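Undergrad: Listed in order, the protein sequences are those of chains A, B, C and D.
Be aware that the first sequence starts at 1, since it is given in UniProt numbering, and climbs by one per residue.
Be aware that the second sequence starts at 1, since it is given in UniProt numbering, and climbs by one per residue.
Be aware that the third sequence starts at 1, since it is given in UniProt numbering, and climbs by one per residue.
Be aware that the fourth sequence starts at 1, since it is given in UniProt numbering, and climbs by one per residue.
Hints in this document: simulated from the structure, not taken from any laboratory.
Be aware that one or more of the hints could be misleading.
To be verified - Computed list of lysine-lysine pairs in PhoX-like fashion (alpha-carbon distance at most 25 Å, straight line):
(1) D:K93 with D:K190
(2) D:K218 with D:K235
(3) B:K235 with C:K159
(4) B:K190 with B:K90
(5) A:K117 with B:K159
(6) C:K90 with C:K117
(7) C:K145 with D:K145
(8) B:K175 with B:K190
(9) D:K218 with A:K218
(10) C:K145 with C:K90
(11) D:K235 with C:K117
(12) D:K145 with A:K159
(13) D:K109 with C:K109
(14) D:K190 with C:K190
(15) A:K235 with D:K235
(16) B:K145 with A:K190
(17) C:K117 with D:K117
(18) C:K145 with D:K355
(19) B:K218 with C:K117
(20) D:K159 with A:K235
(21) C:K190 with D:K145
(22) A:K117 with B:K235
(23) C:K109 with D:K235
(24) B:K235 with C:K90
(25) A:K235 with D:K218
(26) C:K235 with B:K159
(27) A:K145 with B:K145
(28) B:K235 with C:K109
(29) A:K190 with B:K190
(30) D:K235 with A:K218
(31) A:K109 with B:K109
(32) D:K421 with D:K483
(33) A:K145 with B:K190
(34) B:K218 with C:K235
(35) B:K235 with A:K109
Keep in mind that this is a model prediction, so the values were computed, not measured.
Protein chains: 4
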Amino acid sequence: MIPQHIICTLRSGVRCWQHRSVLGTVLRVEALDFRSVRCRSTSAGPVRSMEEILTRVVVPLPTYETREKSPPPSESNSVEFMHFYRSLEKEEKSQLLAKLSHDFGVDHKGVSELAGKLLDTQQRDLATILQVEDRLRYSLTPRYKQLLNHISRVESGVKFLVDLRADLLEIISSKASDSPHIRDLNGTLKSLLSEWFSVGLLRLERITWQSPCEILQKISQYEAVHPVRNWTDIKRRVGPYRRCYAFTHAAMPGEPLVVLHVALTEDISDNIQSIVREFATLDSEEDVNKVNTAVFYSISSTQAGLQGVELGNVLIKRVVRELQSEFPHMSQFSSLSPIPGFSSWLQGLLSQHRKEGRVELLTDCEWRKVADVTNTTPDTNALDALRKLISTGDWTRSERLVHILEPALMRLCAWYLYGEKRRGYALNPVANFHLQNGATMWRLNWHADTSPRGVANSCGIMVNYRYFLQETTSNSAAYMHNKVITATEQVLGLISQFQKNSKL
Amino acid sequence: MIPQHIICTLRSGVRCWQHRSVLGTVLRVEALDFRSVRCRSTSAGPVRSMEEILTRVVVPLPTYETREKSPPPSESNSVEFMHFYRSLEKEEKSQLLAKLSHDFGVDHKGVSELAGKLLDTQQRDLATILQVEDRLRYSLTPRYKQLLNHISRVESGVKFLVDLRADLLEIISSKASDSPHIRDLNGTLKSLLSEWFSVGLLRLERITWQSPCEILQKISQYEAVHPVRNWTDIKRRVGPYRRCYAFTHAAMPGEPLVVLHVALTEDISDNIQSIVREFATLDSEEDVNKVNTAVFYSISSTQAGLQGVELGNVLIKRVVRELQSEFPHMSQFSSLSPIPGFSSWLQGLLSQHRKEGRVELLTDCEWRKVADVTNTTPDTNALDALRKLISTGDWTRSERLVHILEPALMRLCAWYLYGEKRRGYALNPVANFHLQNGATMWRLNWHADTSPRGVANSCGIMVNYRYFLQETTSNSAAYMHNKVITATEQVLGLISQFQKNSKL
Amino acid sequence: MIPQHIICTLRSGVRCWQHRSVLGTVLRVEALDFRSVRCRSTSAGPVRSMEEILTRVVVPLPTYETREKSPPPSESNSVEFMHFYRSLEKEEKSQLLAKLSHDFGVDHKGVSELAGKLLDTQQRDLATILQVEDRLRYSLTPRYKQLLNHISRVESGVKFLVDLRADLLEIISSKASDSPHIRDLNGTLKSLLSEWFSVGLLRLERITWQSPCEILQKISQYEAVHPVRNWTDIKRRVGPYRRCYAFTHAAMPGEPLVVLHVALTEDISDNIQSIVREFATLDSEEDVNKVNTAVFYSISSTQAGLQGVELGNVLIKRVVRELQSEFPHMSQFSSLSPIPGFSSWLQGLLSQHRKEGRVELLTDCEWRKVADVTNTTPDTNALDALRKLISTGDWTRSERLVHILEPALMRLCAWYLYGEKRRGYALNPVANFHLQNGATMWRLNWHADTSPRGVANSCGIMVNYRYFLQETTSNSAAYMHNKVITATEQVLGLISQFQKNSKL
Amino acid sequence: MIPQHIICTLRSGVRCWQHRSVLGTVLRVEALDFRSVRCRSTSAGPVRSMEEILTRVVVPLPTYETREKSPPPSESNSVEFMHFYRSLEKEEKSQLLAKLSHDFGVDHKGVSELAGKLLDTQQRDLATILQVEDRLRYSLTPRYKQLLNHISRVESGVKFLVDLRADLLEIISSKASDSPHIRDLNGTLKSLLSEWFSVGLLRLERITWQSPCEILQKISQYEAVHPVRNWTDIKRRVGPYRRCYAFTHAAMPGEPLVVLHVALTEDISDNIQSIVREFATLDSEEDVNKVNTAVFYSISSTQAGLQGVELGNVLIKRVVRELQSEFPHMSQFSSLSPIPGFSSWLQGLLSQHRKEGRVELLTDCEWRKVADVTNTTPDTNALDALRKLISTGDWTRSERLVHILEPALMRLCAWYLYGEKRRGYALNPVANFHLQNGATMWRLNWHADTSPRGVANSCGIMVNYRYFLQETTSNSAAYMHNKVITATEQVLGLISQFQKNSKL
């Protein structure tokens, strides 16, 4: 079921793939390193060979009647396609996917005929209607869906498709190809991935210093929120008073899909330094009596191709169960989350106000103090100065400025998280994620991430989204259905200060 | 997300499920033994409560626009449905499934409207067509599909659905409910199961005497072809010169889905006794030089609910690879297969001929000999006698009869396997299975299964379907597409004898 | 380091072992099945070949000076010896061991010389004394100790030595060979085994229905106290409300060395039926709130050759820790133990009293009642009748007799356990075991083992040895050093009744 | 069996350890972090408390008669001793060990009496002699041996003893305490460790990138021969075309005891750079056809305390088997070994010749060339220059010098390895190790380790000790018994050049 001999007839200038498929050679072919075969194409070649290959590997859909009687899928087609795809340059991949989605999609004529037939049968009995609907449903299957299905069945096929979807998403977002067919292909692949990565098939793994080096290296590489600096750092994050969990999937062994880092503490942490910078406890034994709180301080998805296949929320729920089982008396669950986008949102505001000559973001008193420190006048000059200080992060070097700006930045940030919306939901993606899960916007923390990255992203502010387990379901529903954000008095107090002092 | 308190208000005579769902109680509820709750229903109760429950747990489909923005599934619905379903009697289950499939299926009106809209857009640009098609596809989703999806996500949900499908298949085959909706539900569930049980998610396990007792007990119970008599018997079947492989699935741990037993021999076995009855080698070491051939002597599917989700053929392929890797010089692969149905097919023929007064199945000479032994006349009397002997198996006690009948039974059996068809494919399901996989009908074996069961099923005859690895792909295609059966001279010789001597 | 070619020169009538040892052939030789080589010996053969082989494989001890500079041990010697030993009949083994222990033991002359030298140096400095002592110690090493050490290093060598010691113990106890040399060999081997099976090297394993079939089969076979009847029975004993633990050893994989069965209950069980006969809970979930007590109802050593190497007491301690960790609120730990030997002790007493014409075991009143039921006179006739009833177990069939005998048998049994001694320690081995561990003799239970075996062994009585964790250390010391048995009032009450009513 | 309460009565100025031992508290005490208890001692304290503690924990040996009837060991003594020992400063440890070995050793008087008795019984029967010998043997047991045995039984006790022996060895080698008692203690402990680390109890593990991070970190730290620079480096050494094996022991989980690194090559490597510096193959697949040779390029013992307990040679043998099983056609096995000590031996020679005014190490011609390059005269001036060049490694920077010195250094090095002896065996410890194992001194390699370390140690020369599997046994015996070194013509040729040209 696999090409036994792959021969590039170079003389003819046309690539020619000869293969004899046999059950018995499957094993040997798996060992072939296809990457080394990398075929060079002549000028006319790639497009032509794309057509040839697609025509061969994307077999026609069986008729509705014979759909259950079709021969078992041949692995060779899938392997050939995977090999071919991997051998292409980025540009060519884009072409291939465009071709695949356009030429091997739904048979529109067939669909249209069945749609007509369905309308004709509306007066008929339900059994007939059901049957025509089923035919219609079948006819709406894109031809390429079968290929995707077959690929998922060969070794490392699922990983191939996850990566292929990452390519698709890049093509779509880069507007490289704005074709609706590409979007259709993306939709089809996403729904397949959703099936394969449904929760029943995921495995929760706790990562420790005893875990395979390979996994820990990947965990380190994937960590997007608070970058891992070295092996002592990662050892710390899987050591005492820490937990690191990941979902893995049977079809992608050794590949963590989404990773959650937890700190076990006595109180809900108000800064990240104490979690990722402090090494005092590296070799200590955990004292279970000191563990009262779980702080989720980092959650990272590792597979671009699984965008939209929600794993993170389920991981948090599973981890909560896990922790409750390990620490029956654990009573507080909260995130300590970054606020990506706050600084650039603020810069945007400042620029806009600059243009419009408005200075309402700070109170008059605050502007005066800023002007005082920056040796400017409390108008757009001060605003310019402030813009610059914030964009460079230099304001953090002046104790006075820090003191002056704290109330303003805190209330602005509260507004950014609570008040800025997109289609009615929180604009900030991290906020949106935790609010969807039913968390409460609990506390904004000043001086919470003093790393250059933290200052650049969110003026050093971080936020806790707290999970009151009795309320997550109702909170989630209120947010999802009615777009209501549950927040504490601290947050609401900042909002009301914002509304009083900073007018947008 | 799980009922915290499940209270049966017995006074009111109406079951009442109160629950407060919280993330935090998930763990505890999983430990509940729902089986003990088994609620008794009053006369009016079940139907009413069915409606109530279905209405609550089968939430409406989100609109097309909000389909990606729907709140995460609540586990409590799924768990409640599973619990409720399990608490029902068989009859009630059937009612519930009928109701579910009928009232919570596709929104026919919506489909019809979109079908109309699609016809209207046929002149429009492709982008519009694609979008309407996508909406149409979405509208063809039965509402209950969402429930099935959610159930698959909770613990042991997949196993629940597999068992639910077994119920559905029983309902359909028993004609208890011939509703097209039930068939639709079955189709939807089957396609979901096909996704979840796609090959990339299956794990091949070799079963040995070191495997968990639980697994070996199940393997023993599931063995359908050559029943396991005791623990020494099963020890033998996983011991030296034997291999036992199973597919398992991450979502159903500890549950072998399909099991393949292999004997490692020097020649292709021509009888089952030497494989399952001989214990000489129980404690011996395998001599790799004596292993030249793999005989697949039993393959059993264990999950009725996975009917139509083909796992067996893939298992054989994977096992072939496994064996080639362990025994690089292994050169012969063959089944030793039972022929279920041959005896009853033969009895059917004899009855029919009896009625029609025909005696062509045996030659005149053969009839004479039969008459001689049975003290009858070589006409329908002998036929009657023969029918009785075969139905009781008594013919095996007479050496003369065995001798007389061998050629006749062999050629009839060959015909049964090779010539009897259903929709053009082999009527015998085992034959059909191996021919689909690309095997060759290689040899019929007399005296191959002398157990009472073997005699009753197929007059003790068994057949080898041999896998020539170089030819399986072409054989499979020839069979699937052109209904051509590849067979050896022995088989074809028997067929030609049949055609000369026995006229149907 | 292994015989490459083993050739039996048959012509000469004398076995001849040729071998060429090479590092590289180790692997291949391990696959050889030595059992099939079994060489037949001629009349003069075995003794002669024994000498030959022993001379070759039991190499001389290096001198004291070169003892650290001796070449690395050659595996071939060990393997050859193991093979040869296994090929012998029982009688021949005994001869071989006698020869080995006699001819390859300590060099008495060398020892005696060093002893003389030691006496001479008594006036000298300590350094000299220490050195002579060390030489003396070395000279007391039997030459065969080296062979034993080498054998322990080859694969399955430790198991070989454990079995060889079982042979030694049998030889000693059967008086087949009363040689002091055999006892010396036994002592040497025992002290080596004690080192290898020291607790730091043992691994505690919990056995469940998920454990390998091989292990569960062995556990069933080894169960000596309450025989396992079938696979449902063993499934029960590793199922809910039960625990089964075993020590295993790295050098004997898959071989449980000592097995402890525990029932998890609400109260200290007073009979074994409810533990091994009741299957109600087979599929139930454990309710942790119902578990308050651990009842050790069976402990079996599996290796005869490890006699005297105490593992059982350590296993109990480890299991107590394990259980405390799993059930932090567990408050009661107790055995439910058989009383092997009570019936035969009682029969012995009755016989003796019969001879001596004494009837003090029962009170006059009791004798009268016995006489009444048995239609005898309350003298030696009744005694005869009682002896017979007890030896047949028939007394259990008469409710009246059971009623009459209960107080007598209970107080006699209490005395048997508490008062009968051997060198000052409890005569009953099970009592001695638990008392050494620091348990308290807590309660005698009537009707506690109603199986024929239980009636035959101990008139159906069983006893709880309870472990009060705060007191085990002091109890153990009191028993070991001062031979004091800690017992409860129930037991002491029975003892005082015994002393009042039954006079020995 | 563990101190329940450890109280330091500070007022009295004397440490006072109160404890109540109970079975039930074992678990809790293990969780105590004894390190934090670190008791400060008053001036008179340590010595006094040492006595107190030793007297309590080193219980007297039972008499010969009761040696099998002694109560089970109490863990509390061992744990207390371990804790106390760990709390001591280096100096105090030395004192404690001196005291332990001196005051709690053998009962010399008892030994002497038994020696006398033995002499008296020489005329008596063998049984009596054997018994007195056994008593004598028992009396030669140092009292502290029991403590060591007990410590080995508690958790991490074996590791404690291994580390304690490392302390002992340091004390002995530093002459801190030249007491014969310390040497006795060391000997006793070594023989116990030899038992516990006998090969049957060791487990061979292959280390890969999938192994626990903890293990790989340790492997990196322990690598003594060619230091691991970073994680990419270690990934390389466990990746394709490499093997890394370690022995582990059940009583010291997660602790590799001896580590062997192997390169899989086509030819016997003649330099280390190509093995540890080349990363080309990091992600490639192994091509089994390119693997013909196993080069052992590093073997490291990790536990100082296991000195003299030979594990390395057994590891090599086991790895050879492992490799033969994985690569049946592997035909060459060889080390690529460093030559520690060659440079300093050479420097020593040069210094000595300088003093004695001799210049025979190089030929006249060679001296002239050296003088020429170094602008000196071909006498002791040139010798001085050469000494300096070699001690700084600067000679490697002059191509001419390298060219001139190659033949001289090669023949000198050959002599160093082959001709320099200690008690008749090779002076170089690596040579001695491989020659003991039966390897052949196969090839000296110029430019084989160009790292600064390699140049400093052995002028960049390395040597292959090759294992001809058919000959290792005879080679080993020839070396061990007759001190014969097997070497190839290349080596012998260099020796004869040496003998001709350089006269020592």
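Undergrad: None of the hints should be skipped; say for each whether it holds.
TA: Against the structure, the hints:
1. At most 25 Å may separate the alpha-carbon atoms for a hinted pair to count; D:K93 and D:K190 meet this at roughly 18 Å.
2. Proposed proximity of D:K218 and D:K235 is supported: the alpha carbons are some 13 Å apart, at most 25 Å.
3. Restraint check for B:K235 and C:K159: the C-alpha separation of about 23 Å stays at or below 25 Å, so the hint holds.
4. Restraint check for B:K190 and B:K90: the C-alpha separation of about 21 Å stays at or below 25 Å, so the hint holds.
5. Proposed proximity of A:K117 and B:K159 is contradicted: the alpha carbons are some 38 Å apart, above 25 Å.
6. At most 25 Å may separate the alpha-carbon atoms for a hinted pair to count; C:K90 and C:K117 exceed this at roughly 43 Å.
7. At most 25 Å may separate the alpha-carbon atoms for a hinted pair to count; C:K145 and D:K145 meet this at roughly 19 Å.
8. Between the alpha carbons of B:K175 and B:K190 the distance comes to roughly 19 Å, so the proposed pair stays at or under 25 Å and holds.
9. Between the alpha carbons of D:K218 and A:K218 the distance comes to roughly 20 Å, so the proposed pair stays at or under 25 Å and holds.
10. Under the criterion of a C-alpha separation no larger than 25 Å, the hint pairing C:K145 with C:K90 is consistent with the structure, at around 22 Å.
11. For the suggested pair D:K235 and C:K117, the alpha carbons sit about 60 Å apart, so the restraint of at most 25 Å is broken.
12. At most 25 Å may separate the alpha-carbon atoms for a hinted pair to count; D:K145 and A:K159 exceed this at roughly 59 Å.
13. Using a Cα cut-off of 25 Å, the hinted pair D:K109 and C:K109 holds, with the two alpha carbons roughly 22 Å apart.
14. Restraint check for D:K190 and C:K190: the C-alpha separation of about 20 Å stays at or below 25 Å, so the hint holds.
15. For the proposed pair A:K235 and D:K235, the alpha carbon gap of about 17 Å is at most 25 Å, so the pair holds.
16. Restraint check for B:K145 and A:K190: satisfied, since their Cα atoms lie roughly 17 Å apart, inside the 25 Å limit.
17. For the proposed pair C:K117 and D:K117, the alpha carbon gap of about 14 Å is at most 25 Å, so the pair holds.
18. Taking the CA atoms of C:K145 and D:K355, the gap is near 54 Å; set against the 25 Å cutoff, the hint is violated.
19. For the proposed pair B:K218 and C:K117, the alpha carbon gap of about 72 Å is over 25 Å, so the pair is violated.
20. With a C-alpha separation of about 23 Å, the suggested pairing of D:K159 with A:K235 holds against the 25 Å cut-off.
21. Only pairs whose Cα atoms come within 25 Å are accepted, and C:K190 paired with D:K145 is accepted, the gap being roughly 17 Å.
22. For a cut-off of 25 Å, the pair hint linking A:K117 to B:K235 is broken: about 60 Å separates their Cα positions.
23. Using a Cα cut-off of 25 Å, the hinted pair C:K109 and D:K235 is violated, with the two alpha carbons roughly 59 Å apart.
24. Between B:K235 and C:K90 the CA atoms are separated by roughly 30 Å; this puts the pair beyond 25 Å, and the hint is violated.
25. For the proposed pair A:K235 and D:K218, the alpha carbon gap of about 13 Å is at most 25 Å, so the pair holds.
26. For the given pair, C:K235 sits about 23 Å from B:K159 by alpha-carbon distance, which is consistent with the 25 Å threshold.
27. A distance of roughly 19 Å separates the Cα atoms of A:K145 and B:K145; the hinted pair therefore holds under the 25 Å criterion.
28. Simply put, B:K235 and C:K109 have alpha-carbon atoms about 56 Å apart, too far for the 25 Å limit, and the pair is violated.
29. Pair hint A:K190 plus B:K190 holds up; C-alpha atoms about 20 Å apart against a cutoff of 25 Å.
30. Of the pairs offered as hints, the one joining D:K235 and A:K218 holds, with about 13 Å between alpha carbons and a cut-off of 25 Å not exceeded.
31. The suggested pairing of A:K109 with B:K109 holds, with an alpha-carbon distance near 22 Å, which does not exceed 25 Å.
32. Pair hint D:K421 plus D:K483 holds up; C-alpha atoms about 10 Å apart against a cutoff of 25 Å.
33. Only pairs whose Cα atoms come within 25 Å are accepted, and A:K145 paired with B:K190 is accepted, the gap being roughly 17 Å.
34. The straight-line distance between the Cα atoms of B:K218 and C:K235 is roughly 13 Å, inside the 25 Å bound, and the hint therefore holds.
35. Our distance criterion of 25 Å between C-alpha atoms is broken by B:K235 and A:K109, whose separation comes to about 59 Å.
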